[in-house]
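Make the full structure from the sequences, and use the hints.
2 protein chains.
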Amino acid sequence: MLVLASPPGGGKTTISREIAKRDPETVISVSATTRKQRPGEVEGQHYYFVSKEKFEEMIKSGDMLEHALVYNNYFYGTPRKPVEKALTEGRDVLFDIDWQGNRSLAKVAPNDVVSVFLLPPSWDELAHRLHNRAQDSEEEIARRLTKARDEIAHYREFQYVIVNRDFEASVAAVRSILEAERQKRDRLVGIQSFVDTLKPGN
Amino acid sequence: MLVLASPPGGGKTTISREIAKRDPETVISVSATTRKQRPGEVEGQHYYFVSKEKFEEMIKSGDMLEHALVYNNYFYGTPRKPVEKALTEGRDVLFDIDWQGNRSLAKVAPNDVVSVFLLPPSWDELAHRLHNRAQDSEEEIARRLTKARDEIAHYREFQYVIVNRDFEASVAAVRSILEAERQKRDRLVGIQSFVDTLKPGN
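Protein sequence lines correspond, in order, to chains L and H. Here this note's numbering is used: the first residue of the first sequence is 2, the next is one more, and so on. Here this note's numbering is used: the first residue of the second sequence is 2, the next is one more, and so on.
To be clear, the hints were calculated from the coordinates, so they are not data collected in a lab. Incorrect hints may have been included.
As the list claims (entries may be wrong) - So the derived label-pair ranges between C-beta atoms look like this:
id	chain 1	residue 1	chain 2	residue 2	range
1	L	A170	H	T198	40 to 48 Å
2	L	R144	H	D113	35 to 43 Å
3	H	H132	L	R18	45 to 53 Å
Cβ atoms here follow ideal geometry from the backbone N, Cα and C, with glycine treated the same way.
Printed below as a string of structure tokens:
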């Protein structure tokens, strides 16, 4: 499980999608949320849009791997089943979530979560990107800038940090992290049985 | 500091040279040894060949970062100065050493050493590679096979493990590990000062 976090406008979504596109061994976890669907967002691809009641039901029945209340207003959470299915198939799961989600996931599976934080190259650049999202109101932009400061304040909770200056370089860096983590001794399933075969006659 | 270890014939030397060749930010640490120079070996490139007296002098004066007695016969060690110079210049240092060297280095600099163990794809393949080194006597080959079993028995002491089935794939895996480790939050010099600049007006 690889968490890719960043402030809003920091690149976590575009970068995680690019990686899932290039690497067939990875799949993106689609979060569930109670917030309203925005123009252009596709149900089941960007989010699962559910009612507050449905969300609370999923929490109760254990169907949420982790969840959090964001902006004190909306629930965001990770449905458990698709993640477990992908991991069982030997695939890596990318989580495009925030620091709260990362903290919850790390609690649920401390040894299986790798976390990466993408920092913007400068504050101006970040503000510029948020302003350029035409769909958002001034109020929404202001709220996101506040969220951005809050998110950046938590970068120390992440194992890896990338300054997202260049899209291709950042994608390459995240892919290297994925490749490297796959070679961690602890993660190599069956390695001891393999080593046991390394003796004369094999 | 990245340690690349393997049984003799396991590929640590060719792979670390290939990486140093492709990546100008890395440099190979040249070990000192008291064993005899073999045909084709170049002083200062493959090893620094020194007398037992000189080696012991270097240990006493603190000029060895780590050292070990191998085969109960010869000293192998890492001269301190070239390593410190490269690290000061911001370069990564590759160590093509064995489990004893890795253990000593990890003791000297526990947070700065990343260790990778290369396993052969099979015992037969390893024996085959050792037999094909025409320069070695049967006695030497037998000794290396013994050393190989001893080395493999220590693979659990390494953070990353790669089964060296394919040269290019193994080089790519080690490079990914280098790239990833460079993005570890702890290793990013000055990251906190950079994050401090991420606020309105910058």
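Hint-by-hint comparison with the structure:
{"no.": "1", "hint": "L:A170 / H:T198: 40 to 48 Å", "verdict": "violated, 20 Å"}
{"no.": "2", "hint": "L:R144 / H:D113: 35 to 43 Å", "verdict": "holds, 42 Å"}
{"no.": "3", "hint": "H:H132 / L:R18: 45 to 53 Å", "verdict": "holds, 50 Å"}
Hint compliance for this structure: hint 1 is the single one not met.
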